[in-house]
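Student: Listed below, chain by chain, are the residues.
There are 4 protein chains.
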Amino acid sequence: MITAGIVGATGYTGVELLRLLAGHRQVEVSLVTSRELAGTAVASHFPNLRGRFDLDFSEPDAAAFGECDVVFYATPHGVAMQSAAAVLAAGAKVIDLSADFRIRDIGCWERWYGVKHQSPELVAEAVYGLPEVHRESLRQASLVAVPGCYPTAIQLALLPLLEKDLVDASRLIADAKSGVSGAGRKAATPYLLCEASESISAYGLAGHRHHPEIIQGLEQASGGCAVGLTFVPHLAPMIRGILATCYAPAREPDACGGELLQQVFEERYRDEPFVQVLPRGELPATREVRGSNVCELAVSWLEAQSMAVVLAAEDNLVKGAAGQAIQCMNIMFGWNESEGLAGIGLLP
Amino acid sequence: MITAGIVGATGYTGVELLRLLAGHRQVEVSLVTSRELAGTAVASHFPNLRGRFDLDFSEPDAAAFGECDVVFYATPHGVAMQSAAAVLAAGAKVIDLSADFRIRDIGCWERWYGVKHQSPELVAEAVYGLPEVHRESLRQASLVAVPGCYPTAIQLALLPLLEKDLVDASRLIADAKSGVSGAGRKAATPYLLCEASESISAYGLAGHRHHPEIIQGLEQASGGCAVGLTFVPHLAPMIRGILATCYAPAREPDACGGELLQQVFEERYRDEPFVQVLPRGELPATREVRGSNVCELAVSWLEAQSMAVVLAAEDNLVKGAAGQAIQCMNIMFGWNESEGLAGIGLLP
Amino acid sequence: MITAGIVGATGYTGVELLRLLAGHRQVEVSLVTSRELAGTAVASHFPNLRGRFDLDFSEPDAAAFGECDVVFYATPHGVAMQSAAAVLAAGAKVIDLSADFRIRDIGCWERWYGVKHQSPELVAEAVYGLPEVHRESLRQASLVAVPGCYPTAIQLALLPLLEKDLVDASRLIADAKSGVSGAGRKAATPYLLCEASESISAYGLAGHRHHPEIIQGLEQASGGCAVGLTFVPHLAPMIRGILATCYAPAREPDACGGELLQQVFEERYRDEPFVQVLPRGELPATREVRGSNVCELAVSWLEAQSMAVVLAAEDNLVKGAAGQAIQCMNIMFGWNESEGLAGIGLLP
Amino acid sequence: MITAGIVGATGYTGVELLRLLAGHRQVEVSLVTSRELAGTAVASHFPNLRGRFDLDFSEPDAAAFGECDVVFYATPHGVAMQSAAAVLAAGAKVIDLSADFRIRDIGCWERWYGVKHQSPELVAEAVYGLPEVHRESLRQASLVAVPGCYPTAIQLALLPLLEKDLVDASRLIADAKSGVSGAGRKAATPYLLCEASESISAYGLAGHRHHPEIIQGLEQASGGCAVGLTFVPHLAPMIRGILATCYAPAREPDACGGELLQQVFEERYRDEPFVQVLPRGELPATREVRGSNVCELAVSWLEAQSMAVVLAAEDNLVKGAAGQAIQCMNIMFGWNESEGLAGIGLLP
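Protein chains in written order, with our numbering: chain G, 1 to 348; chain E, 1001 to 1348; chain U, 2001 to 2348; chain A, 3001 to 3348.
The set of hints was computed from the structure by calculation and includes no laboratory data.
Predicted model only: the values in this text are computed from it and were never measured.
Hints may contain errors.
What the hints assert, rightly or not - SDA-like, lysine to any residue: derived pairs with alpha carbons at most 25 Å apart:
{"no.": "1", "chain 1": "E", "residue 1": "Lys1164", "chain 2": "E", "residue 2": "Ser1222"}
{"no.": "2", "chain 1": "U", "residue 1": "Lys2186", "chain 2": "G", "residue 2": "Ser44"}
{"no.": "3", "chain 1": "U", "residue 1": "Lys2164", "chain 2": "U", "residue 2": "Val2123"}
{"no.": "4", "chain 1": "A", "residue 1": "Lys3186", "chain 2": "E", "residue 2": "Gly1039"}
{"no.": "5", "chain 1": "E", "residue 1": "Lys1186", "chain 2": "A", "residue 2": "Gly3204"}
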C-alpha cells in the first residue's frame, strides 16, 4: 500500500482520479490540495464521493507531498513545472496530467503555451505516458507526462500505419470530436447546456496546443520522418468521449488492403490490455467506453480512394486522462497494469 | 465462488447485472440465456463487455439453471412465474427482477398485469427484496422479488414518516421523474432520441403497475393503516436516474419540524450502506448516483404548508434494479452487503 | 408600423424577443441596448439573427427610448423600476419582462428581492400581463408586468378550478420542471452541460421568488380566499420548456369528476388563442410547444384519491416570457392577438 | 394561392413541410396522404400542428393529386418513381424529396438502391433542386429532385473550390456529422435515446447512398473532371443539424491563401438568400441554423498543410430537406424565393 497526493483535484480529471483510485487496492489517497477549497470536504464538492472519501482539501505544501509515494498533478499547465522538482527531490514520483512535460522541444512548448518553462531540465527526464509506446521507459520513470486526450486517441489510431510505413505521412488528417468535459469545469458561456447541447461545431482551426504533441509522437513512430497532419477538433453535445476519425492515404495502394490493415492493427495491439481492435466491419462508439480505460480502434480500407480510415473511441477523462495516469502508475510501481482499471464501462 | 445464471439478459437490466457481477469476487456468471440471441456472443450484443466476458447466449433450459447456485430473471413479467418453481426445485436460489412475485394479493396482481398467475403458491414464499425493510427475511430467502425502480425510491422516501406516524397517510403524493432507460431497450417510437430528448412529459395518469406495489409497502410501514397515494410518473430526457419528489402533509404540524424530520431520517438509515441522508439544506440530483447503488434522500419541512417534502434520487438500473438484486444476493449468501457494489458513481 | 426598443437584450429572453419581433408586421425594432456590448452588432452576439438584423447594441439612454412607441425590459430585476417612469413620461408604453412590477404588495416584493422598490407608485398602475385574466385591463395599459415562466404555467393550470371553487385551495401542490434556459445565459457552473445534462434535481425548497406571485394570482381567482400552495421547482436536462404538474384535492369529491373537469377547462379557455385544452386522455409534452406561444393543458380526475391533476406545458422563453410580452403588446395596441406569434413549434 | 398535396407526410420531413407551408402565403395544403394513418387527423399525429391544421390523412389517390398544383413526395425511395408520371400527366408539378430522381445514371442508381427504376425517362427530365446551382432550370421545371441532406451541405462547401479549380479534386474528404432526425422516425434500436444520446459514432464506411449523388454534383462543378471523395458520415447525439467538415488540398499552394479563399466564397454566394459565408475566423455551429433554411459556410486556409478546410452547417430537415423543397417551389412558381422561409432559427 502506497500513499498518493493529488494537486488541484477540483476539476473533472481530479474527481475521475479519485473515483478510480478509490477502487485501487495498492493506493491510499492521503492528500488532496486546492487553494480555493482548502478546509472543505472533498466529498461535499464531488457528491459521488460522499460516504466514500473522508479527506478535506488542504493547501498545496511541497513538504506534505514529499511524504507521498506518488503525486498526481491535475492542474492547468504551468503549475507542475514550478513544484515538481521539489516533490521529486523529496522522494515522490510525479505523474503530471497537464501539458508541462509533454513536449521535448522547449521552444515549441513556450510558443504554444505562451509562458517561459520553469523546469526545462525535467522535460528531458520525463517519460511520455503512453504505455503502448513507452512501457519499458515507464518502468524506471520518476516523472511521467500523461498525454492529452486528443493525442492519445490519434496516436493510437495512426501509430501502426506509420510504424509499418504503409501511408503517406505527409497527408494525414485527424477529425476529432470531443465531449464537453474536455473543456474542464470552468464556468464559461460556450459550455453551458443551453449553448453546447443540441449542436456540433469545430474549433481551433487556427491551431490547437495538442497539435505539436501529436506530431512529436507520430514522427517518432515514423522513424523521424516529417509528418504532415491536419487536425480539426470539434465540440460534440455530450459529456464524455472522444471519437477521432483519421484519414491516411496509402503509400502504395496496390500493396495495401483491408485484410492487411486489420492484421497490422491486431498484431500491434495484441497484448495491450486497454486497446481493443474491433473485428472487421464493426465500428466504435464513444458510449461503448464510457467510464472505462479502453480505447476502441477500427481500421477500414477504402479501395476506391486508396485510403485507410481509422476510428478511435475513448473516454477523454479515463484513457484520455485519469485512467491512463493510473495505468502509468501501475507500470511505474510494477503492479498489474489493470489494477484499479478493471471497471466495465457504463452502458447505457 | 458460486455460479450464477441470468435469464433474458438482453435488456438494460441484464447488461447492468453483467457489468456489476463482473466485479463481484464471489460470483462467476456461468449461463446467460436468450431465445433470440442464442449462439451469439454476449459481448457482441453489449460492446462494453467486449474482452471482459466470454460467454455466448444460450437457449433457456431449466436443467442448466439447476446447476447454478443462483438464477436472476431479467425478463418481462410473466416469465419467472412459469419456470421459477423448477429452478428452485433443482436447488438454485432465484432472484426475480420482474414483477411476478412482488404483489402478495394475487387478484390485485392479475388485474394489473392482465394474465393469470402461474405460481400463486410461490408468491407467499417470496421475500420482497428491499433490504432496508426485509433484511432479516432475505437471509433465509430462496426466492426474492426485487422491487421496481419507482417503488424503491418512493418507499425509501416515505417509510420513515409512516413508521413514525408523522404524516397523514391518506394524502401522500409522489411525483416521480425517470430516465428513458426505465422503458427498456425495445424499439418504440416514444423512446427515440428525436421524441424523448429535449422534452418532459407525464404518463400513467390512468394508473401505473407500480402503484399497488408501492401501496403494499407503505401500508405495511403504517402498521396496516390504509394509505392514499397519488403517484404520477414522468419521462425525463436523460438515460438513467429517478428523482421522486414526495409530498406528505404533517399529521400534527406543531409536533413536526425540520430538525425532527432530519433526525428521523438519519436514525432510520444510519446503518444502511446504500442510503445516504443528505445534510439539511442539500438536495439530491440523479447525476450524483449514476452507476452506483446509492439512494440519496433529503427531507425538507415547509412550515407554511405544514408539509414534509422528501426527495429521493437513485439510478433506476442500479438501486432500482440490478444493484439491488445483487445487494439481496449478498444478504442471501451471507456476504458483505457491499460486495460488487462498491463502485463509485460516474460524475460527470 | 410602430418602433420598439429593448433594454438589456443580451440574454435568452432578449434574443427570443428579437426572433419573434422580426416576424411581426406592425413593429420595427429601432433600439437595442446593452451597456457591455454597446457598439457591437446584435447579430454577432446572436448568430441566428445574422443577415436578419442590422442594429448595433447601444448604451441605455432614456431620451432615445422616449422616441420609441414601446419599450421592452428584458433585464434582471431592479433595472426597470429605475427608468420606467422616465420612459413612460416620454410617451412610450412599457412592457417589463422582469419582476419589478408583478407583485402589488411592496413589502412582500422587497422581502423577496432584497432591495428597496424605487417606483412603488408605478406598481399600482401596472397591469399583470396574463391575457387570459387581464385582457380588458391590458387594452388600456401603459405599463405591463409580464408574468414569470412558472407563474404562467401554474396559474393557467389552476385558475379554472379555483374560479369554480371545485378544489380545496388550502392544499394545492405544483411540482414544476424547467429547462435550463430558465436560469438565463450567465456562466455559472450548475448550468454547464457537464453538470446539468443527464440529471434532474429540485431546488428552491427554502422558497422561490415566483411563489408570492403565483399566490397573488390564485387568491384573486379564488375571490380573495387564502391559498395554500406547495411549489417545488426542478431543473430538467433540456434547453427549453416547463412542465407543471399540479395537484388539487376536490372540495367535494362526489360533485367532481373527469367529465366535469374537462368541460370546465374547455369552457374557460374556449376563446383563448394560446391555450390548448387537450382532449381527455391525452397528455402534454414540452416538445409539442417548443418555440411556440401555446400553453397545453390537460386535466385528469383521479377518482380513488379525489384528486384533480392538471398538467401545463409551455415554452418558458415564449409563453413564459417573450411570446407573452408580444401577446400583451398586441392587445395594448389593438392588433390581432396572434400577430407575430403564429409560428408553429419546432418538432422534432 | 395554389393548392399543395403531400405524399407520405408521416415522418420528420413531412411534419417540417407542414410547419413551413403553414406560414407560406401562396400555398394551401389541401391533401396529405398516408396509407396507414388514413382517416386520422394530421394534428393528432403531430401535436405541434394542433389547432393549426384541420386536415385528415387520406389514402394516396392519383386523381386527387391531379387537382393539386404541386405535389411533394416525402416518402422513402421507390414510391415517387411509381406515381410521379401520373401526377405530372394530371397537371401538377412534382417536388420529390426522396432519392428517386437525383442520380442521372440509372445503372448507378439501381446499384445503390437495389431496385429497378420504374421511370427512367423522368430522370432525364428532373431538375436537381439545389438552387445555388440550378436556379435557372428550376424556373421551368415540372419535376424537381430535392438533394439529400449530406449532399446539400457538402456540395455548397466544395463547389466554389472546384469551380475555380483551386484544389486537387482527386483528394477530397468530407467528414460529416448528422443529428439523429436524419435517420427518420422509424422505431429502430440504434436511434433510441438510450443508444444514440451521449455518444458519437461513424457509419457507412462501406459506402453510403449519398456518395454518388455528391460525386455527380462535384464533377459537374469541376467541368467534368473525375472527383475523388472520401465521405464518412457520423451520428451525433442531437436531434437536428448537419456539420460537414471538408478537407481539400490546394492544387498550387503558393497561389492559394486565406484571403483568396474568403473572397472566392463571398463572391460565389453573394446573392444567395440562404447561404451565409461567415466572416474570416468565425466558425459555424448547427445551433445557429436550427429551424432555419440557412446554410452557414466558413473557409479556413491551413498554410502549413496547404489545406483548405470548409465547414458547412445546416438544419438537415430544413435546408437539407423541407426548406430546400419550398425554396425550389418558390422558384418554380416565380415567387419571392424566401416566401415561407423567413423564420429565424430557434436559439437557444
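Student: Each hint should be assessed against the structure and marked as holding or not.
Tutor: Here is what the structure says about each hint:
| no. | hint | in the structure |
| --- | --- | --- |
| 1 | Lys1164(E) x Ser1222(E) | holds, 8 Å |
| 2 | Lys2186(U) x Ser44(G) | holds, 24 Å |
| 3 | Lys2164(U) x Val2123(U) | violated, 29 Å |
| 4 | Lys3186(A) x Gly1039(E) | violated, 28 Å |
| 5 | Lys1186(E) x Gly3204(A) | holds, 24 Å |
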